[in-house]
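Asker: Can you build the whole structure from these sequences, using the hints too?
Residue numbers (the numbering used here), protein chains in the order written: chain A, 1 to 489; chain B, 490 to 706.
Because the hints were derived from the structure by calculation, they are not lab data.
Honestly, I wouldn't trust all of these hints.
Subject to a maximum C-alpha distance of 30 angstroms in a straight line, what follows is the list of computed DSSO-like cross-link-like pairs (lysine-lysine) [stated by the list, open to error]: (1) A/LYS140 x B/LYS554; (2) A/LYS142 x B/LYS629; (3) B/LYS629 x A/LYS345; (4) A/LYS133 x A/LYS405; (5) A/LYS299 x A/LYS142; (6) B/LYS629 x A/LYS405; (7) B/LYS629 x A/LYS129; (8) B/LYS554 x A/LYS348.
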Amino acid sequence: MTQTELSSSQRIKRNQREIIRRVIVRGCLRLESPTCLGSGDADSPTDMPLLRDSISQRALLTGSAIAGALRNYLRDYEHDYGAGEASDDLATELFGAMRRDDDGDQSPLIAYDAVSSTVPTLELRDGVKIDSKTGTASNKAKYDLEVLAAGTEFPLQFELLINRQADQPKLLQGLAIALQGLENGEITLGMKKRRGFGRCQVSQWQVWDFDLTDPVQSRQWVEYDHWTEGFLPEPPVKQSSILDALKVSLDELQDQRDRLILQATFAINGSLLIRSGQASIGRAPDVVQLKSYRNGELKPVLPGTSLAGVLRHRAERIVNTLVDSGGSANSLISDLFGNVNERAKTAKSSRLIVQEAEINNTHDLVQNRIAIDRFTGGALQGALFDEQPIFGGEFTMCIELRQPKNYEIGLLLLLLKDLWTGDLPVGGESSIGRGRLQGRSAKICHCHQGQKQEWTIDQVDHKLQVSDTEALETFVSALLDNIAGRNAA
Amino acid sequence: MPTYTLNIHLLSDTTFGRGDGVAGLIDQEVEHDPYGFPYLRGRTLKGLLSEECDNLIHTLPGNQKIHWQEVAGELFGKPGSSLDTMGAIHVGDACLPEDLRQAVAYQISREKLTRSEILDSLTTIRRQTAINPETGVPDKGSLRSARVVLRGLTFTAGLSFEQQPTDDQLCLLMIAAKALRYLGSGRNRGRGHVRCHFHGESLPSNYLDRFFAVQEA
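Answerer: Here it is, written out as C-alpha cells:
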C-alpha cells in the first residue's frame, strides 16, 4: 500500500489508506419481537439489565453488536452455518481481520452506535428450567430478564470506506448481503435469539455514494450531515430494497444456508396458561397468562423458551422410548437443542430456532379455584385462588432447524404429530387439561443451496391431507434407523 | 503567537485509549489526568488531523495535490529532525473546560472529592464478548470491558502557531476539522463518533471553494 508517485514535497511515506469512495447507508431498525440487549452489569435487581445510553433513558444498540450480527449472517450466507472464519471470506473482507489474526486489516465498514428513537417500553420476562425427570422446576434455575418491547426503533448508520486497492464489487456485494439480511428479518440481535428474541427488520434505506476522486462529490462528503440521526430529508430517496439502493446484483452468489423451516398453525383446544410472573397491578388475578407488546398492544404469546422446553422434553422421551435398553442416544438431543457441560466448561448453542408465537382471537376468563381437603372433602382453608388463562384462539408456530439431517427431520415430524393431536400439551397446568392443541395446517420447507423442497399437511373435515406421505415417512424411518444404530448418518 | 481552538463534541461514547487497564475491573482504561478528567493527547489529535488531510489530498487532481501536500508538509512537519522539517502547528491536549478542572482540583485538594469520583461521573463501563461462529456461544476469553467517556461532552484543544499561519494552512485545518469524524478505540464500531469545530480569528470563509477549486494541470 505504499504510494506510487513520490515528489520532493511529499512528507508522507507511510502506509496510508487511499480512500477513493465512501458509501453511507442509513436505515431504521424496528424490533419485531422482544429483545434483550444486556449490559452485562451484575448490580441490578434483574439477572440481565438492559444496556442504556449513557446520558438518557433510551436503549443502546452498540455498533459492535450490529457488526457482529451482520458478520455472522454474511458468513452463514456464504459458507453455511457453523463455518469457521477464513482469511478470504466476504465477511473478513468487509468486517476486518479474524479474531485470531494479530495483524489483519481493520474493517472498512464503520457501524455506528444506535440509540433508540424513544424511551423504550420495557417488559420483564422470567423463566425456569423444568427438570425432565420430575417435570417440576429445577432448583436455582429461575432467571429473569429485562427486554425491550417489540416496536422499538433504532436509527442505523454505516459508512463503507473503499480503498484504491480494494475489490469494490466484492465489498459492495458483502454489504448488500448483510444489509439484505436485516431487510428480510433474518438477522436476530441480543440474547436468546434462538428462542424467539431479537427479531428485527429494516424496511427503508437511504444511501449516499461519494466518489472522492471527483472534487464536487468529495466536497459533498466533507459537508455531509453525519451528526443528525435517522433519515435525512436530503437527496437520496428512501428505498425499500438495499440491492436497488446500492445498485448491486447478487446473481452469482448463492445462499449456501441449509435449513428446514416448519410453520404449523394450531388451534388451542380449551385453555392455555403460561404464567407471566409479572407483579400484577391492582385487582388482577393471582396468575395471569403472559402477554407481550405487539404494535403497542398487549397480546398473549407463547414464548419460544416454553415451546422449546416442551419439544426438548418430548424429544428425549421419544428417543428414550425407541432406544434399545442399555443404549444411549442423548447426543441426538443435545446436538439438536444445544447443551452446556458445566464440568468441561464447554457449550454449544441450539441448532433449532423456535420463534415466539402471538396468539390471536382469544378470550380472557378469570377462573376461581380452590383446593379440596382430602380428609374432609371440603374446601381447604386459605387455598382459594384465581387465575386468568386464555380460552380458544390460534397461533402459528415457526421453527427453523439449521443443517438438518434426515433423522432429525423425522424427530421433528414426530413432535409435530404429538402437538397436532393434543398429546403434547404446552404451558402450565397441563394436568388439568390446559394447553392442548389441535393442528390445522403445516408447511415444511427445506432450503439448501438455492433449492427448495416443500411439504404440506392440512386438516380438512377431520381428515388429514398430506402432500407427500412417503417422503415424510422416510424421514421417520431414518430416525428409527439412526436410533437402532443401523445408519449413523 | 496566534491561537486557535478545536472543539470536539462527542456524538457517541468514546474511548481515548491509553493502552492499559485496571486489573480485575477493566481491560481498557481511558486517558485521564491526575484529577480524573479524561483528555485526548495532542500528539494523537495531531495525527488524526494529519491523516484526514492526507486522505482528502490524495483524491485531488494533479496540480492541486502537489500544492496541498506542500501546505500539509509545512503545517504538520515532515519526518526527520531538523528545524526546516518542523511543523508550524502545535497541537495541545483536548480537555474539558479549564475552569471546571480548576474548581474540581481545588475540591480534591480539600479532600471533598476524589479522582475516581470524577472519572466515574464522566465515564461508564462497557462490556462485550465475541460469539464463536462454530458453536454459537461466547468465545472463550473474549469477555472484555472498556471504559468510555460519556457522549455529549465537548473537549477543547488549543492549536498554536509561532508565526501567523497562512490562509492555506488555516484552510487545510478547517477541512481536517470537518473531515475528522471518528477517533479513539473502537472507532469503526460506533465508539468515538465526533463532530469538530475550528474556531479562531480571521479564518478564511471560503475554505471549501479554495480547497476543492478545480485547476486543471
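Asker: Evaluate each hint against the coordinates.
Answerer: Cross-check of the supplied hints:
{"no.": "1", "hint": "A/LYS140 x B/LYS554", "in the structure": "violated (68 angstroms)"}
{"no.": "2", "hint": "A/LYS142 x B/LYS629", "in the structure": "holds (25 angstroms)"}
{"no.": "3", "hint": "B/LYS629 x A/LYS345", "in the structure": "holds (10 angstroms)"}
{"no.": "4", "hint": "A/LYS133 x A/LYS405", "in the structure": "holds (27 angstroms)"}
{"no.": "5", "hint": "A/LYS299 x A/LYS142", "in the structure": "holds (24 angstroms)"}
{"no.": "6", "hint": "B/LYS629 x A/LYS405", "in the structure": "holds (28 angstroms)"}
{"no.": "7", "hint": "B/LYS629 x A/LYS129", "in the structure": "holds (25 angstroms)"}
{"no.": "8", "hint": "B/LYS554 x A/LYS348", "in the structure": "violated (55 angstroms)"}
Hint compliance for this structure: hints 1, 8 are not met, and every other hint is.
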